[in-house]
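S.K.: Residue numbers (numbering that gives the first Met the number 0), protein chains in the order written: chain W, 0 to 356; chain X, 0 to 355; chain G, 0 to 506.
Calculated directly from the structure, the hints in this document are not laboratory data.
Ideal Cβ placement from N, Cα and C applies to all residues, glycine included.
Honestly, I wouldn't trust all of these hints.
[Unchecked claim] Quick list of simulated restraints, FRET-style, between CB atoms:
no.: 1; chain 1: W; residue 1: Ile-35; chain 2: G; residue 2: Ile-69; range: 43 to 49 Å
no.: 2; chain 1: W; residue 1: Ala-333; chain 2: G; residue 2: Asp-226; range: 55 to 61 Å
no.: 3; chain 1: G; residue 1: Asn-74; chain 2: X; residue 2: Asp-65; range: 25 to 31 Å
no.: 4; chain 1: G; residue 1: Gly-499; chain 2: W; residue 2: Lys-212; range: 52 to 58 Å
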Amino acid sequence: MNKIFAKQSIVVPIVSIFLGLMFGAIVMLAGGYNPITAYNALVSEIFSSRYNIGETIANITPLILTGLAVAFAFRTGLFNIGVEGQLIVGMTAATIVGIEFGYLPWFVHMPLSVIAAALAGGLWGGLAGYLKASRGVNEVITTIMLNFIALYLGNYLIKAFYLEPGTARSYKIEDSASLRTDWMTNLFDGARVDLGLIIALIAVIAFYIILWKTKQGFELRAVGLNHHAAKNAGINVNSNVVKAMFISGMLAGLAGATRSLGLFDAQTIAAAYTGLGFDGIAVALLGGNGAIGIVLAATLFGSLKFGGGGMNYVEGVPNEIINVVIASVIFFVAANGIFKLIIKPFKAKRKQKGAAS
Amino acid sequence: MKKFLLTLSALMLVFSVVLAGCGQAEDEEDMNDTNGSGDMEEDATEENKGASDISFGMVTDVGGVDDKSFNQSAWEGLNKLEADLGTAEPKYLQSDSDADYIPHLNKMIKDKDLTWGIGFNMADAIIETAERNPDAKLAIIDNEIKDIPNIVSVTFSENEGAYLVGVVAGLTTNTNKIGFVGGVDIPVIKNFELGFLEGVKAVNPEAEVEKNYTGAFDKADLGKNAAATMFDSGVDIIFHAAGGTGNGVFTEAKERKANGQDVWVIGVDKDQSIEFGNEVTLTSMIKKVDEAVYQVSADLVEGKYEGGSHIVLGLKENGVGLPEENPNITDEILAQVEEYKEKIVSGEITVPSAYE
Amino acid sequence: MSNYVVEMLNITKKFPGIVANDNINLKLKKGEIHALLGENGAGKSTLMNILFGLYQPTEGEIRINGKKEIINNANRAIELGIGMVHQHFKLVEPFTVTENIILGSEPTTGGSINYKKAVKQVEEISNQYGLQVDPHAKIENISVGMQQRVEIIKTLYRGADILIFDEPTAVLTPQEIDELLDIMRNLVAQGKSIILITHKLKEIMAICDMVTIIRRGKGIGSIATKDASPEILAEKMVGRQVSFEREKEKAQPKGPILKLNNVSMKNEKNVNVLNNISFEVKAGEVLGIAGVDGNGQSELIQAISGLRKINGGQITINNHDITNKNPRKIAESGVAHIPEDRHKHGLVLDFMMTENMVLKSYYKKPFNKNGFLDYKAVDEYAKKLIEQFDVRTPTIYDKARSLSGGNQQKGIIAREINLQPELLIAAQPTRGLDVGAIEFIHSQLIEERNKDKAVLLISYELEEILQVSDRILVIYEGQIIGEVYPEETNDKELGLMMAGKKLTKEG
């Protein structure tokens, strides 16, 4: 019996992905596009070359970090919608440190820039945590507002102090702060895979260890699952709320660092959010707020996002329809409860047959 | 510069000849230089033989090729090329965010002979791609990239064209309040703004110009909000340089017009009266992105792609300007516009630029 | 033709790794109140969920009015006239009584809900069965007893003839219990049939005609109430003789452990909920606090355990001031606490039992090693406690949620007693538990007393207070209004004091 359950847990998401793709195919057919060529393009876009695999990884990396950030707060019973803002603040800090301290050797400068990003993101998240702990202000509201502030503050700082004339971005960060390495770039044929990937993987391990191996993690989870009982057991709920938001913000800040220190080596004056923070919510939920789940969810999400470009290129499917396809896959995976509902009658029938024979 | 002009004029010739064949020459007549066209025609036909093997691609910024403005114009240029010269079917890729530029460009250069980056923001990505792939040929609109042998840069003197629509706005306004809605505060858009302000000031020093940078090129809702605020404060003409965001400006103006408010919009990049109708479109500051794309691409077909060059298209080159038909502008005003145009072309007036 | 409305024959239900129901028979006659008796976790709820269509039996068959039926969902059960009054109400708080009752089967005219008609129907039902409710009141504004009536009307509204009551008295006050029993009598008088899930022997004896007993998933059999006694039923349920008397030697109180000196606390509305409370609990005694729910008992516990700040007075443990210290400081000065609401305050339900066992000591050695938790040490410790206190859980790694109430409570008691406290606060320690568990918990409290610990027992159940305490204080409207000794008083006198009558010594 247990075996069947274990088997189901793999089968269900795979069938869900399939159903999502089927639905996407219907949408594409309705739009007059050939779904077979399109999906072919999607798959080949993800796997066909070292470069493409690399770019897929580059898409996955920040999603792992923002997914972890959202999940970490979730585990403490907090809904951090502010990952986006914490990411921007982290990115801005990384950019500034990356530009400023060019005289440092790389093995000091690069980690320093990354740490600056984590701290800045952490403080930004911790601020919402503090407001919740001390004033009882709902973190959903504060983090949404802090997102706006982060976006425009970041833009302002870059515009006022670090704008490279004639461009809409900051000066480039010093090479000594860059996360890019020749060996990784060459390994993936010029794709933008960089040390950000390593940072993300370390973060996954840290996420797991903090939550499930440390005293701090025990407290955070206890608060998240039942803050009354936690308080009764002598755990300081308020300080854990602040800590959780701080660590969540740090993870978001790291995601920011991978952008300005890796993907772009500068910070653009952004007209809008990156969207990564919000995708992180989906990744965290899809991944069940667990370390491995988040890696898998981010991989699914990131691969579809990158591979979607191939559908546009080869079959001319417009971005809007590609987004519908991606969304329907995510939807079916997330809503595998629906799927279970569909197969339930079949299972019941089978059981009856089994009983009869 | 001289070299460039030479190239350009040669190009225009080819262009006009082909267009003449399609019966659209009228539009493009201004582009014609006075050079003889006989021997050029031969060249063109020769090149046409291999044209079907030559393919073009473009990568847009976050706006799509249906933005009714900038990207659409570029895309039309490539499509016209296919129609006229029989080049292979062009392709485009739309970016969801700035992170997409490089992978999209990389995808394009793999099987396209020339890849366009449409927009100021793509410079870094174009440079990185060009340097990594020295054999690929690239081109960018709206940003000048120096000293890279496989990039052609095309910029426009938006300030000059904007100056002329500024003149129109300054002379047309009843409330002496004029609005400017910009997309993102980047040098290209700043260039629109500077020229526009200058043009208004030249003919109507009394008029105030309200400015609003919405921060996006693809958010019609922001454009609508910005327009609503301006119209409420008494503005009666808005000039937008905001791509898809500007669509919202038109929507708002149409609603106002339907309610009897006397408001106008000055369009951008294309003759937007075609899309949004003459009842709200006062005129448009046309930026002939389509032609720039067409010309440089056709150049490649000709075997004359000149990497590292920078092409500037201003009033003189007819790269910017007002549409042919301006039913909403009085002849007197049009005459004044013509006057100012001549002064700018002759160098009598120098319009301040955001690029300097 | 049988005269049974429900026949559940040889029902077996297997879950992965566990047989929840093993060959159980239950036959309900029309117009009968039939008790389903069993300890917590014995399988009563599973059996009823099978009848209500939420589970499918692995083996066995169900007959309704003599006809074999396959009930594969709750809608089918409702069609067959089965209605369930859940222990945890399934009501929408901001909706009115009527809205809740009609929810899901609204009377409509032309697509919109005919609210007037609904109200009329609700009133008809409530008059017919003596279920007085205000159809326009919002659920959040009515008492628990009223909410239960709404649940009952809900089933009647859907045409139920067979009503299943799941532990209906667990949430009610004594007066409400009496009212409920009247309602049930009324229902059977009008032809309904009732299955009453309970482990309260007194109620069974008072109202039921038949009892079916389940022990650890197995059907023990059915017996007519007139042939039974509480002792017989308890023995059948638990599987051994159960004593209703607490055997204990006379207390030998030593010096005071806990001292409260003029403790006052105000609530959000600035009203005193604790008013100049002073008392002490000595080592080696069980001090019982008797009182009707809501007279300041919860606040008193919160004050002592540090969950809420007091506005005046002083609290000391062994002469250490713990006034308004944080809960951890207070725990460390020797206070253990079995909370009133074990789900809310006692356990993290989604933690494994191992984690719950160290909820108050995880930060100490040997569990905490430089900020990392030594889960091996945690597991060993938890295993020891769980064995020692006979907490029944499939494995120590199961979530607390999956345990029965009695076993959850045993887990909490194991954890708290192992803190080696000077003072053990036990608030409503046996609420909702069956006789076996109650006996165990009471004996644990008395044992702690015998080890010269101070025990503070707060309970709304007079019987419990009288059985376990060595000394009793009565709390009324935030004040201590009397002190009595259990051997010198009775429930009548205590009842009067709890209602606010000061004791007048008559000799």
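S.K.: Given a hint of 43 to 49 Å, does the C-beta separation of W/Ile-35 and G/Ile-69 actually sit inside it?
M.R.: holds, 44 Å
S.K.: Taking the CB of G/Asn-74 and the CB of X/Asp-65, does the distance hold inside 25 to 31 Å?
M.R.: violated, 50 Å
S.K.: Between G/Gly-499 and W/Lys-212, does the C-beta distance stay in 52 to 58 Å?
M.R.: holds, 55 Å
S.K.: Measuring from beta carbon to beta carbon, are W/Ala-333 and G/Asp-226 in 55 to 61 Å?
M.R.: At 57 Å between Cβs, range holds.
Checked against the numbered hints listed earlier, the structure breaks hint 3 alone; every other hint is satisfied.
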